[in-house]
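Based on the provided sequences and hints, a complete structural model is requested.
Everything in the sequence shown is counted per my numbering, starting at 1 for the first residue and increasing by one.
Do not rely on the hints blindly, as some may be mistaken.
[Stated by the list, open to error] Pairs of lysine to aspartate or glutamate residues, derived as DMTMM-like cross-links and limited to a Cα-Cα distance of at most 25 Å, are as follows: (1) 37 with 54; (2) 12 with 54; (3) 51 with 30; (4) 51 with 25; (5) 67 with 80.
Honestly, the hints are just simulated from the structure, not real lab data.
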Amino acid sequence: MSFYTYILRSQKTGRLYIGQAVDCEKRLREHNSGQTKSTSTGIPWEILYAKSFETRLEALALERLLKSWKNKQRILAWIERQRLGGM
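Below is the structure:
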């Protein structure tokens, strides 16, 4: 089983949301259906980035790191570096 850290972007507000889940697509549907209170005002959401891990602990560690940055531009720059193959 894989675990994912994912980053969503609100198509309405541009806000980012960082989370972790076993099934990113299912989780996205939950966010977009208003089941998650913290994201209900940003519907619709899109997956901006997702990374798989073998353990939930690894996915949670990346989620916590990204959330600790509290800076949208830093997170977006990190995503771009990931897409280019760096850290």
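Against the structure, the hints:
1. 37 with 54: violated, 28 Å
2. 12 with 54: Violated. Residue 12 to residue 54 sits at ~33 Å, over the 25 Å cutoff.
3. 51 with 30: OK: residue 51 and residue 30 at ~19 Å, within 25 Å.
4. 51 with 25: holds, 13 Å
5. 67 with 80: Holds, at about 17 Å.
Violated hints, listed in ascending order, are 1, 2; each of the other numbered hints is respected by the structure.
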